[in-house]
Amino acid sequence: MRTFLFAAAVVATTVPRGAAAQAFATNDAVLRRIWAVGMDSSQTYPLAQQLLDSIGPRLTGTPGQKAANQWLLSKYRAWGIDAREESYGTWRGWRRGITHVDLVQPRVRSLEAMMLAWSPGTPRGAPVEAGVVIVPDVRNAAEFDAWLPQARGKFVMVSMAQPSCRPDDNWREFVADTAQFNQMRARRTQMQDRWNQRVRNATGDSTTTLANRSLPFKLAAAGARGLFTHNWSQGWGVDKIFNARFGQTIPSIDLSCEDYGLVFRLAENRQSPVVRVTADAQDLGEVPVANVIAQIRGTEKPNEYVMLSAHFDSWDGSSGATDNGTGTLVMLEALRILRQVYPNPKRTILVGHWSGEEQGLIGSRAFAADHPEIVTGMQALFNQDNGTGRVVNVSASGLVDATGQLAGWLARIPRDVTRHINFGFVGAPSGGGSDNASFACYGAPAFGLGSLSWAYGTYTWHTNRDSFDKIVFEDLKNNVVLTAMLAYLASEDPQTVSRTRANVVNPFTGRTSTWPECQVPPRKSADWQR
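The sequence shown begins at 26 in our numbering and counts up by one.
Everything labelled a hint here was simulated from the structure, so no lab data went into it.
Careful: at least some of the hints might be erroneous.
Claimed, not checked - Computed spacing ranges between beta-carbons, pair by pair:
1) ASP218 / ASP395: 44 to 50 Å
2) ARG322 / PHE498: 30 to 36 Å
3) TRP261 / ALA201: 19 to 25 Å
Where is the CB? At the ideal position from N, CA and C, for every residue including glycine.
Given only the sequences and the hints, what does the whole structure look like? Please build it.
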């Protein structure tokens, strides 16, 4: 019946956004007020500008993350909302400074470059000028060891150079025929396979993953000045910016697809490239790390919880706008609105702004482990993490009876908010892609709010282009209103959400699989290494 009501609400007529009024399925005054405040006096733009432009990225263990936590606390307290930092352990502290790389021979060009997270810098952050060499194509580790003296005093290129930095969709549009496009892709794949074999031969490791881990240490021990890497995202001008290996003693610097290829070809053709590198960084040792938790205490059922969830940390190749500044802003703004229009909820409403998600959901897993009473008393959790687009996918996360309740809540929300949503009925529990998995593994009703892509995987997820300008504010406001309404309806629902689990079926094999197991989170960076 609840599912039917939801379907009926979806096909009901409504006044489009921008018209004088919005049609509601019910006369609920709180829902109407959430809509009015969320759409007419949204704070998403100024909040986003402050967070993403002024504070910027929030890499775990950095001064940027610490400053961002303090910013969150100040916002909540200014709105009269209780908020606190809750420590869950320590992490490797690190401060990023300036990265600047110039090609100085055989011609002058400033290169697009960025030091990887937790990388050491050049000595005292001063410029270093040196030649460039490429990891050689050898038959085995003994031949590589014989070559290693040539790396002394040089920057070493440790990634494959792309044959073309044009994205595949550009090739598809302009090549003469499909065969030519397929030849280009086959050539790229063949080049990558050969490069992976080259790296394995050099280190003697059995897998490419192990070889890429051990290679930096072998080069550092041989006296290399630093490493040039490249991790193209397969879009125009976009690279993934992750981390250098912990314990590494020389800089790891990502060059853009185009500039990496330039320097690689110069070295490959013995045209003696020389670069000048300035990389400033500081290792701060183990530092405390914390989640930020905000709450509006429940009046009738204070020991039952509705939780809003988004990770606050980010990689620091850019501002962390869509991963996960937008999810953070949805939860922050939703709680601001709820405090204004629903100040006395029946159940306690919590917001978890998680640290350490990018290292394996560490902050949220620690919180779930430290607060079994919240996991046990959880009525619903709503998590958003995959970009700026409006929410288009919702499911009951593998809980059979939750399907009806979730559909019932959605049916009460204006169609202008829900009309794009694909409701997945029972669905499956999150296995680890985002922080709702930290609670779903216990069987708690932890729902993911999946967003429209906006080319997230290629252009903003973990890239050097994840910046303020990528936010789609109309979609962001839509998600704020949706989240605030869901939190309100879950809080008011007289029925507790059932935790009866469906049989989990692997969509690829069709076979029944086990419910995801909860993992013990590392409490310090050394544990992460293991």
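Here's how the hints hold up against the structure:
| no. | hint | result |
| --- | --- | --- |
| 1 | ASP218 / ASP395: 44 to 50 Å | holds (45 Å) |
| 2 | ARG322 / PHE498: 30 to 36 Å | holds (31 Å) |
| 3 | TRP261 / ALA201: 19 to 25 Å | holds (22 Å) |
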